[in-house]
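> As a plain string of letters, each chain reads:
2 protein chains.
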Amino acid sequence: MKKDYQKLSIIAHRKARGKISVIGKLPVNNREDLSIAYTPGVAGPALAIAKNKALAYDLTATKNGVAIVSDGSAVLGLGNIGPEAALPIMEGKAVLFKRFANIDGFPIVLSTQNTDEIVAAVKAIAPTFGGINLEDISAPRCFEIEARLKKELSIPVMHDDQHGTAIVVLAGLINALKVVGKKKESIRVVINGSGAAGVAITKLLHHYGMRHIVVCDSQGIVSKKRGKLTPVKKEVIKITNRENISGSLYDALKDSDVFIGVSKGNLLKAIDIKTMAKKAIVFAMANPVPEIFPGEALNAGAAIVASGRSDFPNQINNVLVYPGIFKGAIESHTSKITEEMKIAAAKALAAVVKKPTATEIIPDIFNKKVVLAVSNAVKKLAT
Amino acid sequence: MKKDYQKLSIIAHRKARGKISVIGKLPVNNREDLSIAYTPGVAGPALAIAKNKALAYDLTATKNGVAIVSDGSAVLGLGNIGPEAALPIMEGKAVLFKRFANIDGFPIVLSTQNTDEIVAAVKAIAPTFGGINLEDISAPRCFEIEARLKKELSIPVMHDDQHGTAIVVLAGLINALKVVGKKKESIRVVINGSGAAGVAITKLLHHYGMRHIVVCDSQGIVSKKRGKLTPVKKEVIKITNRENISGSLYDALKDSDVFIGVSKGNLLKAIDIKTMAKKAIVFAMANPVPEIFPGEALNAGAAIVASGRSDFPNQINNVLVYPGIFKGAIESHTSKITEEMKIAAAKALAAVVKKPTATEIIPDIFNKKVVLAVSNAVKKLAT
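Those protein sequences? They're chains A and B, same order as listed.
Mapping the first sequence onto numbering that gives the first Met the number 0, position 183 (from 1) lands on 182, and the numbers just tick up by one.
Mapping the second sequence onto numbering that gives the first Met the number 0, position 332 (from 1) lands on 331, and the numbers just tick up by one.
For reference, chain A alone in the conformation it holds in the complex (with noise of 0.2 Å):
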């Protein structure tokens, strides 16, 4: 029997009261304590921040933190819930950053979904931390709303629901390429979703070097032909499609040689795995019901399958590279994450996997290279 794990989550969150805790790590066990943590004491760093602002590194812990912002919008598979709705998962991935790269993570839930007012709070309260981790908020407002704090900001903002995705995507692709013998060039992908996910996974696939791309939504192939895209859509089209063709996910697939599914659960059957390239690589990360089960597209002929899921080989979760991210971003006071940081974090985190094989393309999140990796990847590259 499968367990509950909602209801056992709920018990646990219930006991403990939420999932984190902000502790001193200064005594305060009398007023010498007091003299030292607090006032009259405190004055000295806070003087010695006011002469040099950089100094906030060195002496406080929220400066080295990242805030973890949502507007609640587009949270895990289950939509627009609101932010305190959202409160769990924020708490969840400082609970993450912390054990997994020693990070203060702080959790920012906002009472409003307009993108002014989401790009002014954060900038409102972004002297605060070393970094912002933008999270679950809903394309295509997450696109401008990324755009504008990255241009606006000096501290490191991430969408993770892009580029963690697209990240973890690549560096899974990169070691299961290996795998099946393939090039990067001339392999043939077809990502079936366009919000956050899809979209920065195909610029990032794109930006590594791959070159034939079909992106598809709701409608099928986005293609020129089709009038009224959007925006971001337009930006999707510059770099995919170069054949220009139209039809449905299905029409796309024949032939392909990686499918990489951002989308909604049970979309694929046997026959459409079959009608792919040999040695076809599946990545099918739908939560919690992927595109297609890994059992059947193993089965259909699929050379190497991936999903989002704990109970099947090869999880792509975005937990093997934001740690490490902004760990990097934020020891190096670097004031941007760059594609070319996002593509080394990649290859950092394929190289982890010493011998990929079709059920170990990417490492184990509790293996403690991991971070490290990342971490060094995106320092080696910060100026």
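Identical copies carry no separate label here, and so any pair may be met within one copy or between two of them.
Straight-line Cα separation of at most 25 Å, DSS-like style, residue types lysine-lysine; simulated pairs:
hint : residue 1 : residue 2
1    : Lys149    : Lys122
2    : Lys97     : Lys24
3    : Lys50     : Lys6
4    : Lys277    : Lys182
Treat the hints as calculated values from the structure; they're not laboratory data.
Keep in mind that this is a model prediction, so the values were computed, not measured.
Keeping the supplied structure of chain A fixed, place chain B upon it in accordance with the hints.
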């Protein structure tokens, strides 16, 4: 030789890299743990809160926590040193919230000192928290910011520099009056300083029943005769200076029973104290240099002297108040911290000292009864 606490504080902050740490309360040692603390289980608490927002208090830590919000415009006695430099003080408050009330405090410093932008930013992040502790925001903006947020938010908002100070002053006065055997209705009170603390003290003492209060600012006694009073001083004048006197601070002091200084150091000499009524009470709270040093005031005949310093008896310190106030407000899910709650908190704090004496009008912060007394007083009045 006096210790250099600022230097010791810098050393301690540098060594620990700040003062707070956001730790996880649920274990993350294997995939099973991850399934409960994060996906897929976390959908359980998220969906429960989506159905009933109030469950955020049961299932998350942040919703039981307090945002400690500052724009860095009036930090300690250091002035407008900016948001980053204010961080050590905000982290210090987080440490004390945890130490004394087991409340999670989340520092938030702002990139703006514009009233509208501050109000908008705090409203935007409000769903995250159980309460908002405004901190070190300069007058007169602090009055409007607090008033607007109290009106527009359904969680408790308190500017600690105003009300934390006012409550602990009232608690000290309650006991001081017992010691000298005077009555609140008949005493003459001089308050020097009409900033955040001075105004809040004035209002609270008046609300408590003191009827002979005179407020002074840098130009002397605040009276109707003076033209061009600020909106805040126009409010102050409605409840003070009934005899409509004019003159200097020193004129006001003559025959007064209580002096409350929240202004600047070295304003008073022995000769000024000698003009006060018999059994005078002197609260010289300017920091770090008081309006008059306790020894000098006592030598000049004052019956009771309090200050803001930890190295003299009767330290008037906000930390006696704010942990308990927010603990009571959050645990009772009250939406407002009312004047009645503040007075009840002051009475409860005063009552912690069983037999007040000239050198013990206020309890020690390490007295474990303090936080419970204050929080229970607030809870009793919560609706």
